[in-house]
Amino acid sequence: METFLNILVSGILLGGIYSLVSIGLNLIFGVVRIVNFAQGEFVMLAMYATFFLSTLGIGPYYAVFVVAPLMFVFGLAVQRLVLQPLQNEPMMQIFATFGLLILLENAVLALTRGEGLSLAGPYSRVVIDLFGLKASGVRVIVFVAATAIAIALMLFLHRTMAGKAIRAVIQDRQGARLMGINVERTYLLTFALGSALAGVAGALLAPIYTLSPYIGGNFILAAFAVVVLGGLGSVPGAYIGGLAVGLMESFAGYYVDPALKQAIWFIIFVAVLIVRPSGLLGRAGAEEVGLRAEAP
Amino acid sequence: MKPPTLPYALEAPPPAFARALAAHAGLLLLSAVPLALLWSNPYWVNVLAYTYLFAALAAAWNIIGGFGGQFSLGHGVFFAFGAYAVARLHLDLGVTPLLALIPAGALAAIVALMISWPTFRLRGPFFAIATMAINEACFALANYADSLTGGPRGILIPFRAGIANLIFIERWKYALLMFCFMVIVVLIVVALRRSRLGHYLLAVRADEDAARAAGINTLAVKLKGMALSAALTGVGGGLFAMYVRVLDPPTLFALPDIGVKFALISLIGGIGTIMGPVVGALLIVPLESYLRGTLGGAIPGGHLIVLGVILVAASLFLKRGIVGGASSAWNWARRRT
Chain B
9 METFLNILVS GILLGGIYSL VSIGLNLIFG VVRIVNFAQG EFVMLAMYAT FFLSTLGIGP
69 YYAVFVVAPL MFVFGLAVQR LVLQPLQNEP MMQIFATFGL LILLENAVLA LTRGEGLSLA
129 GPYSRVVIDL FGLKASGVRV IVFVAATAIA IALMLFLHRT MAGKAIRAVI QDRQGARLMG
189 INVERTYLLT FALGSALAGV AGALLAPIYT LSPYIGGNFI LAAFAVVVLG GLGSVPGAYI
249 GGLAVGLMES FAGYYVDPAL KQAIWFIIFV AVLIVRPSGL LGRAGAEEVG LRAEAP
Chain S
0 MKPPTLPYAL EAPPPAFARA LAAHAGLLLL SAVPLALLWS NPYWVNVLAY TYLFAALAAA
60 WNIIGGFGGQ FSLGHGVFFA FGAYAVARLH LDLGVTPLLA LIPAGALAAI VALMISWPTF
120 RLRGPFFAIA TMAINEACFA LANYADSLTG GPRGILIPFR AGIANLIFIE RWKYALLMFC
180 FMVIVVLIVV ALRRSRLGHY LLAVRADEDA ARAAGINTLA VKLKGMALSA ALTGVGGGLF
240 AMYVRVLDPP TLFALPDIGV KFALISLIGG IGTIMGPVVG ALLIVPLESY LRGTLGGAIP
300 GGHLIVLGVI LVAASLFLKR GIVGGASSAW NWARRRT
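Protein chains in written order, with my numbering: chain B, 9 to 304; chain S, 0 to 336.
Chain S with its partners taken away, still in its complex shape (with noise of 0.2 Å):
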């Protein structure tokens, strides 16, 4: 049962989008002026590249576990098929990455449509688990397939520069290219938000069996969501795999580095808001290599201490996370006046 369709006029909302998406893209722009005054420092730029990267990919996780409230914790897989695949189409094939991305991200929406099929049947933590049961049978076949993933021992892409196979010699390049893909994962954000399947996504977060008897088709709202998640996710993941041009499983599907980290950030930034994840991603990634490399060397996995107690705090202190508690002062401000 599908509610009746509104005529266009009534059912677009047209200044206001244009309006959030300039305010978005303002926003955005915000986030690349440490890359603007830090572009000649190699380490900063790498932690920078790093930094938008996983800002794209947490706001990906975002649609489905934020918007969606379908707390996947196996977001590692599609990041490594979206990898795999690209590094596959290029070295078998010398698919220029840049298009490769395309069938990353397709492949990656496919695997998260047959993984969620029968996986959607479960709910909140039940989902979780399930996912990341998931996330560590995909490592063990990962170690598995030899021929296809080089076994343990990983893929090694050679260097070869130039933009066709999206290969840079410096760093700032590819600071650039994922502060690109942040941009455009966010700026898909902002327009699914004001979509059907995005205000369909909030019911069925808000109350599923309401969403159900509200006539909306919960499966299929689900399985989209996943599907646009992954497939975001898989681009994200092919980016990644030309950027480190290294691919072994014990990386690729690590829960705290890869799977986990998502949502975490998006947790620091505020689940479920547009801009959180973005904010997550620019304060724990840089906190994360800073600690690293100041506490790392003394104490072994000092910085992954410090990840723990910020992920506990948060989750009892920062429910909503930064633009989230930020958004309500700001209201509680504006009734105050």
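The shape of chain B in the complex, shown without the other chains (with noise of 0.2 Å):
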């Protein structure tokens, strides 16, 4: 039994970081109907740039505040230059953002020589005892900032207008657009926002990984399986798919073979898009929306 619950314990804490990373992803997926295969990247850009601000003497919890923004501003300038270009050629897109993360994660290993960075400091090693469970200080930061930014994200979408904006995008561009909101500002506004998002998870993942150039590839797969899981688009989707994946891992990790978790995930995955394509929580249809061009 106690293994039980600390392998529950360690699946949900996991879940929290995937949670965490698939939040921002499946923002921009639902609404710039973009698959950013980049995302991954922009954790990993987030973490150095962590990592590079605790040189200079700022820890990774004050980090954040302005990881965040440079993040978002860094979002600002993908979406303006390279994707908003492509905005009805989904095929382009996906070569866009491929070259994105080839080019940043080469960025990276030529800026760093690929050194493996730790960012650990005395608070990765605090231990949370409760009731003999067992759970990483750092983790436990992590799930409640996903749940944190989640209860966020579905009241910004719901009380302002912004959010209501973003949301009327989601169900209907044409319709938004003739409503008189400004679809591409939107699309701008929520490119950046994932990616700050992005920023939020890699300055708080930084002190929990060894930092590497090739470290996005650990979360983008993940993520993807969680936006599936989840339904495109959705914010408590993203959250619960998240938790979902994490917890399957973990006790998959235990009682089958932590070398299969990735066809886990397949298996996972598989199943999901043949009785469901538009994902556990998303709306039906979701997954045709926005892919035909936008008549002129």
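Everything labelled a hint here was simulated from the structure, so no lab data went into it. For clarity, every value in this text was computed on a predicted model and none was experimentally measured. Glycine included, each C-beta is placed from N, C-alpha and C at the ideal position. Don't take each hint at face value.
[Said to hold, decoys possible] Okay, derived cross-link-like pairs now, SDA-like style, lysine to any residue, Cα gap no bigger than 25 Å in a straight line:
| no. | chain 1 | residue 1 | chain 2 | residue 2 |
| --- | --- | --- | --- | --- |
| 1 | B | LYS269 | S | ILE154 |
| 2 | S | LYS223 | S | ILE101 |
| 3 | B | LYS142 | B | ILE216 |
| 4 | B | LYS269 | S | LEU140 |
| 5 | S | LYS318 | B | ILE216 |
| 6 | S | LYS172 | S | GLY292 |
| 7 | S | LYS318 | S | ARG204 |
| 8 | S | LYS223 | S | ILE109 |
| 9 | S | LYS318 | B | GLN95 |
| 10 | B | LYS142 | B | ALA252 |
| 11 | B | LYS269 | B | LEU16 |
| 12 | S | LYS172 | S | ILE156 |
| 13 | S | LYS318 | B | VAL283 |
| 14 | B | LYS269 | S | LEU121 |
| 15 | S | LYS318 | B | GLN92 |
| 16 | S | LYS318 | B | LEU94 |
| 17 | S | LYS318 | B | MET99 |
| 18 | B | LYS269 | S | ASP247 |
| 19 | S | LYS172 | S | ASN40 |
| 20 | B | LYS269 | S | GLY149 |
| 21 | S | LYS223 | B | LYS142 |
| 22 | B | LYS269 | S | TYR242 |
| 23 | S | LYS318 | B | LYS269 |
| 24 | B | LYS269 | S | GLY292 |
| 25 | B | LYS269 | S | THR250 |
| 26 | B | LYS269 | S | PRO117 |
| 27 | B | LYS269 | S | ASP256 |
[Claimed, not checked] Label-pair distances were calculated between CB atoms; the ranges are:
| no. | chain 1 | residue 1 | chain 2 | residue 2 | range |
| --- | --- | --- | --- | --- | --- |
| 28 | S | LEU29 | B | TYR262 | 55 to 63 Å |
| 29 | B | ARG185 | S | ARG18 | 44 to 52 Å |
| 30 | S | GLY150 | B | ARG193 | 48 to 56 Å |
| 31 | S | ALA253 | B | ILE275 | 21 to 29 Å |
| 32 | B | LEU186 | S | GLY296 | 56 to 64 Å |
| 33 | B | LEU138 | S | SER146 | 39 to 47 Å |
| 34 | S | THR250 | B | VAL134 | 39 to 47 Å |
| 35 | B | HIS166 | S | SER146 | 50 to 58 Å |
Put the complex together from the two separate chains, hints included.
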């Protein structure tokens, strides 16, 4: 029983990491309809920025407030310069974001010479003990942050005018335009927001992982599995989907074989695709929205 | 619902087909010129062998990715299945690789059908994600299936030179072999482009719903296109296996080097054009190996930085590739005169 509970806790905490990474990806995915293959590399960039700030004496939990705005600006630039010109060409967007992936990965590799960097400070070793269940403090912070961000994002999308505009664009791009919503500006805002969320994720994950230029690859496949599982463009879907994938990976890792975790994602992936292509919490038909070019 | 079949005489495009075949064969012969000039230089012959192989593989990807508009990032899976099939048949049963290429292609096609049946429910970017996930999952499985793939350490095929083993001492023979493979693939594509399946694939790419409304069984068309594309990719994987003779999962499933490379080469040359993949490969493969040689030592990952920039720039400014851009320039010039 104790083992089971410990696996449960580690699964939920791993799920928190996946949720945190997936929320930004799913926001971009759901609204701008861009599959940002480089999202994992955005997280990686933010981790390196956090590391750089830590060498200046700024700890990761302060660095968040610098890194997230920086990534917001970076997202604005990417959307405006690269993705906006390709708005109605999903194939070219895939090429462009994959090009960004290769570019960012290797630019960081060239700058750091591939040295593995670690940000582990004294707080990395803090262990929270709750009735005999042990949990790493930095992971608990990630889980709490993911929960807080999911709630805040839900409130933003439902209570503010900008959030309502984003939801209108999710539902019907052309209808939203007719209602006087500036669709391009909404895209710009959403992409930058998703990028800033990658920044938050990177800063909070920096104390957990050993930094490497290729670390984005660890997140991106899980994040895509989360997005497909949870539902395209759904914030609660990304949050719950993240927890589900974390739990599945954790249990499969213990009871089946750690080497097979990716195969298990794949089975989940295909099963969900066959049963419900729009994801478990997504709106039916969401997988087909926005794939056809908008009428001029 | 099938459209009524026309009498053979009306349906076949007789002389034009022979002319197209001859024209493309001529263009392909032109791409053999560098081999004829450099055949004694082992470095460039090696580069050319890769160039021809990847031209063929990109042309195979182009069947479903370009003509069919189904943006697969999972062709590395078919490539790897072909490579492992040839290696296992050769090592365990002593089958000559020349014959083993046939079951390798068949196996890749069967795997493609099994993978595609569920994933073809998805469109555009979602299909791309799913195929990428399949690539990563197969990577994990290949690392796990020690007895078949040798696990992360890989398989080594012993060097026993001879045509029966498809292993040669002289490098130019490999280059010639890859060149022949490229010619075969491109000529298959020329024939496909003019066949019923080719037209159906183009219709699916243009508008899948309209194609279905017009009575095309779009799923069957996509599956056929994918099976053909995967079979040729599997054969290419088998040739790759006998050329490098070391098969390890990190090489075979590397997205930027295999699965996405096919798409990248097609994009640079011209997606959905017949000669595009060949032109793209003649440009990209030598460029990359040149950059790897000059930049690789000084800046780790330097050649991939350039590749990433090319990829972003091409998607922004060269959407129809070199061949697509050239043909529209040609048409524009012809209209002016």
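Each hint, compared with the structure:
Simply put, LYS269(B) and ILE154(S) have alpha-carbon atoms about 24 Å apart, close enough for the 25 Å limit, and the pair holds. As the CA atoms of LYS223(S) and ILE101(S) are separated by approximately 17 Å, the hinted pair is consistent with the 25 Å bound. In summary, the hint linking LYS142(B) to ILE216(B) is supported, as the alpha carbons are separated by about 16 Å, within the 25 Å threshold. The straight-line distance between the Cα atoms of LYS269(B) and LEU140(S) is roughly 10 Å, inside the 25 Å bound, and the hint therefore holds.
Note on LYS318(S) and ILE216(B): the hinted pairing is violated, with a Cα-Cα distance of about 41 Å set against a maximum of 25 Å. Taking the CA atoms of LYS172(S) and GLY292(S), the gap is about 24 Å. The hint holds against a cut of 25 Å. Between LYS318(S) and ARG204(S), the direct Cα distance comes to roughly 16 Å. Compliance with the 25 Å bound is thereby established for this hinted pair. Only pairs whose Cα atoms come within 25 Å are accepted, and LYS223(S) paired with ILE109(S) is accepted, the gap being roughly 11 Å.
A hinted pair counts as satisfied when its Cα atoms are at most 25 Å apart, and LYS318(S) with GLN95(B) qualifies at roughly 13 Å. At roughly 20 Å between alpha-carbon atoms, LYS142(B) and ALA252(B) fall within 25 Å of each other, so this suggested pair holds. A distance of roughly 16 Å separates the Cα atoms of LYS269(B) and LEU16(B); the hinted pair therefore holds under the 25 Å criterion. Distance check on the hinted pair: LYS172(S) and ILE156(S) sit about 18 Å apart at the alpha-carbon level, within 25 Å; holds.
This hinted pair does not check out: LYS318(S) and VAL283(B) have alpha carbons roughly 35 Å apart, beyond 25 Å. For the given pair, LYS269(B) sits about 24 Å from LEU121(S) by alpha-carbon distance, which is consistent with the 25 Å threshold. Distance hint between LYS318(S) and GLN92(B) is fulfilled; the C-alpha atoms sit about 15 Å from each other, no more than 25 Å. For a cut-off of 25 Å, the pair hint linking LYS318(S) to LEU94(B) stands: about 10 Å separates their Cα positions.
Restraint check for LYS318(S) and MET99(B): satisfied, since their Cα atoms lie roughly 10 Å apart, inside the 25 Å limit. The hinted pair formed by LYS269(B) and ASP247(S) meets the criterion: a straight-line CA distance of about 20 Å does not exceed 25 Å. Straight-line distance between C-alpha atoms of LYS172(S) and ASN40(S) comes to about 13 Å, which keeps the hinted pair within the 25 Å bound. At most 25 Å may separate the alpha-carbon atoms for a hinted pair to count; LYS269(B) and GLY149(S) meet this at roughly 19 Å.
Annotation: proposed proximity of LYS223(S) to LYS142(B) is violated, straight-line Cα distance about 54 Å (limit 25 Å). With a C-alpha separation of about 32 Å, the suggested pairing of LYS269(B) with TYR242(S) is violated against the 25 Å cut-off. Using a Cα cut-off of 25 Å, the hinted pair LYS318(S) and LYS269(B) is violated, with the two alpha carbons roughly 37 Å apart. Annotation: proposed proximity of LYS269(B) to GLY292(S) is violated, straight-line Cα distance about 37 Å (limit 25 Å).
Our distance criterion of 25 Å between C-alpha atoms is met by LYS269(B) and THR250(S), whose separation comes to about 20 Å. With a C-alpha separation of about 21 Å, the suggested pairing of LYS269(B) with PRO117(S) holds against the 25 Å cut-off. Taken as a hint, the LYS269(B) and ASP256(S) pair is honoured in the structure, with Cα atoms around 24 Å apart against an allowance of 25 Å. Taking 55 to 63 Å as the suggested C-beta distance range, the pair LEU29(S) and TYR262(B) conforms, at roughly 59 Å.
For the pair ARG185(B) and ARG18(S), the supplied restraint of 44 to 52 Å holds, since their beta-carbon distance comes to about 49 Å. One distance hint, 48 to 56 Å for the beta-carbon pair GLY150(S) and ARG193(B), holds here, with the actual separation near 51 Å. Between ALA253(S) and ILE275(B) the Cβ separation comes to about 23 Å, which falls inside the hinted range of 21 to 29 Å. Roughly 57 Å separates the CB atoms of LEU186(B) and GLY296(S), a value that falls within the hinted 56 to 64 Å.
The given range of 39 to 47 Å is respected by LEU138(B) and SER146(S), whose C-beta atoms sit roughly 44 Å from each other. For THR250(S) and VAL134(B), the hinted distance range of 39 to 47 Å is satisfied, since their beta carbons lie about 41 Å from each other. HIS166(B) and SER146(S) have their C-beta atoms about 54 Å apart, which keeps the hinted 50 to 58 Å range intact.
Checked against the numbered hints listed earlier, the structure breaks hints 5, 13, 21, 22, 23 and 24; every other hint is satisfied.
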